[in-house]
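Between the sequences and the hints, there should be enough to build the whole structure, so can you do that?
Just so we're aligned: the sequence shown equals residues 425 to 599 in my numbering.
The hints are simulated quantities; they were obtained by calculation from the structure and are not laboratory data.
Here a beta-carbon is modelled for each residue, glycine too, at the ideal position from N, C-alpha and C.
Misleading hints may appear alongside valid ones.
[To be verified] Simulated DEER-style distance windows between Cβ atoms: (1) 491 / 459: 31 to 37 Å; (2) 465 / 523: 33 to 39 Å; (3) 508 / 555: 33 to 39 Å; (4) 494 / 456: 32 to 38 Å; (5) 458 / 537: 15 to 21 Å; (6) 464 / 510: 19 to 25 Å; (7) 447 / 550: 16 to 22 Å; (8) 522 / 495: 25 to 31 Å; (9) 479 / 543: 33 to 39 Å; (10) 458 / 495: 19 to 25 Å.
[Said to hold, decoys possible] Derived lysine to aspartate or glutamate pairs resembling EDC-like cross-links, with alpha carbons at most 16 Å apart: (11) 504 / 469; (12) 501 / 486; (13) 461 / 486; (14) 527 / 495; (15) 527 / 486; (16) 527 / 489; (17) 501 / 524; (18) 501 / 489; (19) 447 / 469.
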Amino acid sequence: MAESDGKEKIKWTTTIIISSSLKSYEVAAALENQSHKVRYSDSVENGSIIFSLSGVAFLLMDARECFMSAEETFLAKIEKFINIHQNSFLVLSAALHGPEEWKLMFRIQQRFLGSNLRILPVHNTVNAVNLMCTIAKVSHLRKMTYIHTYTLINFEILYFKMHSLFNGTDKYCFP
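Encoded structure:
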């Protein structure tokens, strides 16, 4: 696991909450094989995968199942999902994204225009898992950078307040 520059590559792992309906699916097994802490829950929407530390949620849907069910049924499921999760992604799986699949994605985009839903077309499980993990990792790192920056700013303010108190000057005094 060592890179060519001598630094060790740190493997990113996180806690993932997966809908119990996906327990026997390849996606759940692939995430478990990547050493993530996987928890199954009956209380989350069927087909959902939530990266809790990153604040990202994914709803897995198969394009064929969308074609077989009534449009309002899967649109209601998507609407419920995006109302619960602030940072939500629809992972739409199809072996080939032909004209029908693109029309489906277009209808979903039109219906949820202006919402926090983003659509990810995927072809297979490996593609889906890689996309989800990459998005979750980037979101987690962005969140941690914000927290780190916020902590440093608060520390600097506290330092200058303490410094001005000990020196008896009001040069760096903050209200």
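Report task. Hint by hint, work out which the structure violates, then give me just those numbers in ascending order. Result -> 3, 5, 8, 9, 10, 13 and 17
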